[in-house]
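Number of protein chains: 2
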Amino acid sequence: MLDEPIIQRLKEIVGAENIATETQDLICNSYDATQMEFLPDAVVYPGNAEEISRVLKLANGERIPVFPRGAGSGFSGGALPKGGGIVLVTTRLNRILRIDQENLLAEVEPGVVTEHFQQEVEKLGLFYPPDPASLKFSTLGGNVSENAGGPRAVKYGVTRDFVMGLEVVLPTGEIIRTGGETYKGVVGYDLTRLLVGSEGTLGVVTKIIFKLLPYPEAKKTMLTTFDSIDGAARAVSTIIGNKIIPTTLEFMDHATLQCVDRRFNLGLPAEARAVLLIEVDGDRELIEKQAAKIHEVIKPLGLVEFKVAKDAAESEALWKVRRLVSPSLRDVNPDKYNEDIVVPRSKVPDVIRRIEQIQQKYDIPIVNFGHAGDGNIHVNIMIDKAVPGMEEKAHGAIADVFRAALDLGGTMSGEHGVGLSKQPFIPLELSPAQIATMQAIKKALDPNNILNPGKMFPV
Amino acid sequence: MLDEPIIQRLKEIVGAENIATETQDLICNSYDATQMEFLPDAVVYPGNAEEISRVLKLANGERIPVFPRGAGSGFSGGALPKGGGIVLVTTRLNRILRIDQENLLAEVEPGVVTEHFQQEVEKLGLFYPPDPASLKFSTLGGNVSENAGGPRAVKYGVTRDFVMGLEVVLPTGEIIRTGGETYKGVVGYDLTRLLVGSEGTLGVVTKIIFKLLPYPEAKKTMLTTFDSIDGAARAVSTIIGNKIIPTTLEFMDHATLQCVDRRFNLGLPAEARAVLLIEVDGDRELIEKQAAKIHEVIKPLGLVEFKVAKDAAESEALWKVRRLVSPSLRDVNPDKYNEDIVVPRSKVPDVIRRIEQIQQKYDIPIVNFGHAGDGNIHVNIMIDKAVPGMEEKAHGAIADVFRAALDLGGTMSGEHGVGLSKQPFIPLELSPAQIATMQAIKKALDPNNILNPGKMFPV
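Here the protein sequences come in this chain order: D and R. In terms of this note's numbering, the first sequence is residues -8 to 450. In terms of this note's numbering, the second sequence is residues -8 to 450.
Source of the hints: derived by calculation from the structure; they are not laboratory data. It is possible that part of the hints are untrue.
Note that identical chains are pooled: a pair holds if it fits in a single copy or bridges any two copies.
[As the list claims (entries may be wrong)] The calculated lysine-lysine pairs, modelled on BS3-like cross-linking and capped at a C-alpha distance of 27 Å, are:
(1) Lys210 / Lys146
(2) Lys114 / Lys234
(3) Lys202 / Lys284
(4) Lys2 / Lys280
(5) Lys114 / Lys284
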């Protein structure tokens, strides 16, 4: 609970109409895409960096935890106010400040929705590649804080690779700039990339300078079906080994295909055990040549079917298979734990085999799909929480999935972050010295531990 | 001066044959590519991370400054032992530990010479793009610590974009891993990229995992000559605006061309005021098309001559113009200050005009060339130190050049780093709050300030 005088001071900072303390408003800001919920004491909607600075200075003086929040679409509880405090929502900072066509960059506020930004730059023939699945509602500030990825990361990289500079309010309320408008720049420590992916624990991003690219001339989509996981996995290495870096290399395992087929009747071949949705983009003639080459080199790998889209409508039809995955999963079981492990590309078949064993051990359905080009697999553990004991089984399975990824030289998360959901598992991946180093940085920037406290590190 | 017992303990750690205290050895490690010199008290050549850890623990206990050093080819004094202490040379850690062709990555030790690494991966059809001018002698550890760039950064990015993970000895002697073998990974803070470009002030890199690419199928080199700086600068934006991102876009101004021509008689057209050396790489047919397109779109911009290489020998001949720049400069004056400012691409003509004014103001020759695609211009202030007052003029000109770059939205350094040489100018670029944030991080990781102290920040 916040005292009335504190609420009063917050009202003075952000305006009475930009603070909420009624239960219904608190509930709206108590959850994200995980199944966790924590009620804040108050929600503030500041309008600019100066107001955010003043909120943080007040919070620092009074030792009140502050939890930055974008659209609340995160998959790891990174924005949830566990323990209570102030949720600081950045959605009013939602302007695209400028798009510089000559220097291929844009400056935006953190509350801009990802897809809206993409549409605006595309109108000018430009391209912002990062495409997290949540792009229709997630904010760019959230994308930066979580270092969001997406299918196009194989060729273009993740959010980090497009952030040139930031304006940030530090936990102490200081407003600083990091990086700048040039891609090269080596003066001082790389605070920009320290902040990207720091999950709102080191600062509140108030401006972002993004690098842009020219929009690719054309793209070509292929749906390729294999009679084994190994075939699909070898296809990934074979394509890249032939000097083709596709834009996307999306993978769906047998369980995923069964899910989608059961509900939407895809008419996939009976031998289908894995599907790769492949897209290439760039010069119109080059992608024709690449598509033909891809067909040629993957043919010997147990290829059952090769569909190539002739136009945008056919491309959309092929993507439908991938987009139907999420709505189909709930048919297996109503509740889902969605983890996003990563392994070195060549280890994808091994990790899928390990997950099959985990599935048998715990006797719960696990469905795998994701970004095979990066080795980034979304592992969906499907349970029914109403069934006694099933949630505990899921927790055991999740720990085993993380151990499998780490055993194979991978990581627990490629896109979703640690937040609250992976916090208990951190010691599996990071050594005490690594954790101590990160905590020392946190303490250096947030001496009173008021910004998104209790996240990421073991508590 | 180090006491004899300290020398004795260092000998026990690295072996008596791997420590040097004789004046001639100290002199060899007292300088770099700047014109500064500082004698260390001792030089150690450890053989592995464990020995480095023990050296740092000893140094911490005794509060002895330690200065990590690769090949000593840096351009900012980053490895120089100002104030004395121990120079820690990493050249004995010079193994390429593995090249993983399936996952397109390599693990190396920091003492591997950049060009040697490139040659080894190229034998396997792979590609490590970063190409600092010093690549024939610089080490990969130095490249990582300075975040080295090079001509190919336009298309491929800088060293930072290829570092996936590190093994680092922290100033306290702790050995940690950062990042890993997967390109995606969001567990914990991005210590990898905090360390890249930290100029040896936060840790000693002992292993590096690099991302690799498939080696491009072909490349095409063009030497394009313009009748004005503006024409050449507009050519850069026009090419990129036409969806072509060349591998390199190297720029030489009129003063540079005169220098080279005077010595090597290039036979450039009389109207030549600027040259762009352009290279594209990739699919054989695509680059033919791109070269034709480049010719078409830059023709209206005051193009005086367009030479395109038909084969590798002709390509080498065109590159010769660029390579002759450095040896030609000394004809202007014997001493050189080489700064590497960056401005947004569109501001290249403005900054060149400002530099012309600075040249007139101080009446000293300034020669500009560099990476126009990134807006990264190497500004060479040519003086004769024997002439009284000329060095002071150079210092004034350098400060003005930095101010011009910053006024235009740029940075003082795109590749060389701060080290000692840009330290006095840091407050021009970074705010007190930015500096305080960086110093807090330094203090968190190096509480006794023993690792490369007195660098980067104002002292």
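message: Reference check for the pair Lys114 and Lys284, CA-CA at most 27 Å: within, between, both, or neither?
response: Result: close only across copies, 23 Å inter versus 32 Å intra.
message: Within a copy, between copies, both or neither: which one fits Lys114 and Lys234 at a CA-CA cutoff of 27 Å?
response: between (31 Å within a copy, 15 Å between copies)
query: Is it within, between, both or neither when you check Lys202 against Lys284 at 27 Å Cα-Cα?
result: between (31 Å within a copy, 24 Å between copies)
field: Same-copy or cross-copy closeness of Lys210 to Lys146 [CA-CA at most 27 Å]
entry: Classified as both; 13 Å inside a copy, 20 Å across copies.
message: For Lys2 and Lys280, with the copy left unspecified, which applies at a CA distance of at most 27 Å: within, between, both, or neither?
response: neither (61 Å within a copy, 61 Å between copies)
Going through the hint list in order, the structure does not satisfy hint 4, though it satisfies all others.
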